[in-house]
Amino acid sequence: MLPDELRGFPVASSVDNWDPSVIVGGRFDRGELTLWVAPHKIVELCRFLKDQERFTRLSGVTAVDWFPADPRFEVVYHLHSLEANRRLRLKCRLGADPAEIDSVSGVWRSANWYEREVFDLFGVVFRGHPNLRRILLPDNWEGHPLRKDYPVHGYKYSYQDSGGG
Amino acid sequence: MMGAQTSAAPRRMTLNMGPQHPSTHGVLRLMVELDGETIMKADCEIGYLHTGIEKQCEQKTYQQAVTLTDRVDYLCPLSNNLCYCLAVERLLGLDLPPRAQWMRVMLSELTRLNSHLVWLGSHALDVGAMTVFLYCFREREDLLRIFEMFSGQRMMTSYFRIGGLALEPPRGWQAAVRKFIQAFPGHLDEYEDLLTHNPIWIRRTEGVGRASLEDMLDLGVTGPMLRAAGLAWDIRKAEPYSSYDKFDFEVPTRTAGDIYARYQVRLEEMRQSARIVNQALEGMPSGPYTADAPKVVLPDREKMKTQMEALIYHFKIVTEGFRVPAGEVYQVIESPRGEMGYYVVSDGSAKPYRVHIHGPSFGNVQALPIMVEGQIIADVVATLGSMDFVLGDVDR
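Residue numbers (this note's numbering), protein chains in the order written: chain P, 1 to 165; chain S, 1 to 396.
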């Protein structure tokens, strides 16, 4: 549901008019508009925003791991409209098992690599992605480093076991 | 080109370029499927320079993480410093004094010159014009000396800190910058003499490496490549930061969208950057170079030794850093390569909860296949050069 203080934002209210169930929360903070949206509607919503609201660019896709909270992951989309010179952040909350969401690479082709990066570093699976492989790490890498329960020195090395030095 | 192997189709050949190959400007691996000399399909593989900078940022205090941002795009470290600092300053709600903002603008533009000089030199070298490389690196050396004068470092400057600048601008900086910037337009003319009407350069670059504006936007390309295809979008104008709105400059565009147009756009950008630096020199405001925020900015050395309060702040900042109010910010700036974005999430502690670095090169490299498919193999190197990516920025 769209919070009342966000009704003044044309983008927020037009999304709300398009489908009242899609927005689960929102915030305007430090000059940036954030909408939390229902994960299962992400592709339709993005297509609507691109076609109707002219968000022609996807500036990036990333994620935040709120471990040990549940739902654990937030997938973050930064949208940009060149015509209106306006930016919008969409967020989807995802549980850990399984962390899955539909791919928006059919809406913006740039999402292809952005989503691969999130898959690689967070282990979030993007359904319908044309080429969901690791992108930054080697294919045989174990684990997803940007998860909060992944130690900064990796799983395989322990400074305790190395005998000091 | 490390090796070649024949594929199942009779005349098709798959050629592997990189990751260790000078003309890929770092460790980019490119796999091209050739029919004769024509590229039928191109695919690139990245990640060879991944150093986990985003993960490392989470282990540092906010101020410490500045030094990591230098290492992202090592040809424009100051742009990275700036973008990260602006993001954290917005989280903190800090206002910077005009002198700090203008200094940041001036040094960012000098960094843009530095980055464009490396681009022009290495790009021209790839296409066979060796002299340009030597000329560009001559001027770049002067720039690195200026950076060293300000920060003590040639490349990994970390000169912009959260809350202002790391050090007071050095004595005599005006003379050093003025000397450089007065001579610079003449040097640009020299490069143009070597290239702009050079028939070999024109034949290697005109009509090569094109992609439509729609395709590039859809694939995440930003920066000079879009402007070379006719889109007058520059974040310094569209979403001004660090008082860029007080400077008078133009956003050069071309419509051809080929390598030659990118060359023209970047050269014109260098002239505009020189204009901005000149304006900063003439109008540099006086006053403090850091924000009035004793809990964030380290106190003056003299104060620290004589005032109890300053000593306490110093101790607190050095031992545990400063707490940043919970929230999130996506700060974008116009780096020499395009839209650079830092997404910083704070949970209210003294270390960033998450730092996502959206490097412009990442989106730019993604569009490489559509620029080279259908062209001949010799054009790949020219196209790579014209894209001006930095693998540190792609892989982070």
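If you are wondering where the hints come from, they were derived from the structure by calculation, not from laboratory data. Any given hint could turn out to be false.
Interface residues of chain P toward chain S, partial, derived using beta-carbon atoms under 7 Å [claimed, not checked]:
{"no.": "1", "residue": "29"}
{"no.": "2", "residue": "33"}
{"no.": "3", "residue": "113"}
DSSO-like mimics (lysine-lysine), calculated; alpha carbons at most 30 Å apart, straight line [unchecked claim]:
{"no.": "4", "chain 1": "S", "residue 1": "316", "chain 2": "S", "residue 2": "303"}
{"no.": "5", "chain 1": "P", "residue 1": "148", "chain 2": "S", "residue 2": "41"}
{"no.": "6", "chain 1": "S", "residue 1": "316", "chain 2": "P", "residue 2": "50"}
Keep in mind that this is a model prediction, so the values were computed, not measured. Here a beta-carbon is modelled for each residue, glycine too, at the ideal position from N, C-alpha and C.
Going down the list of hints, with the structure as the test:
1. Against a cut-off of 7 Å between C-beta atoms, the interface hint on residue 29 of chain P holds, since the closest Cβ of chain S lies about 6 Å away.
2. For the restraint placing residue 33 of chain P at the interface with chain S, the shortest Cβ-Cβ distance is roughly 11 Å, beyond the 7 Å limit, so the hint is violated.
3. Among the interface hints, the one on residue 113 of chain P holds; its C-beta lies about 5 Å from the nearest C-beta in chain S, closer than the 7 Å criterion.
4. Taken as a hint, the residue 316 of chain S and residue 303 of chain S pair is honoured in the structure, with Cα atoms around 15 Å apart against an allowance of 30 Å.
5. A hinted pair counts as satisfied when its Cα atoms are at most 30 Å apart, and residue 148 of chain P with residue 41 of chain S does not qualify at roughly 38 Å.
6. Under the criterion of a C-alpha separation no larger than 30 Å, the hint pairing residue 316 of chain S with residue 50 of chain P is inconsistent with the structure, at around 47 Å.
Against the hints set out earlier in the document, violations occur for numbers 2, 5, 6.
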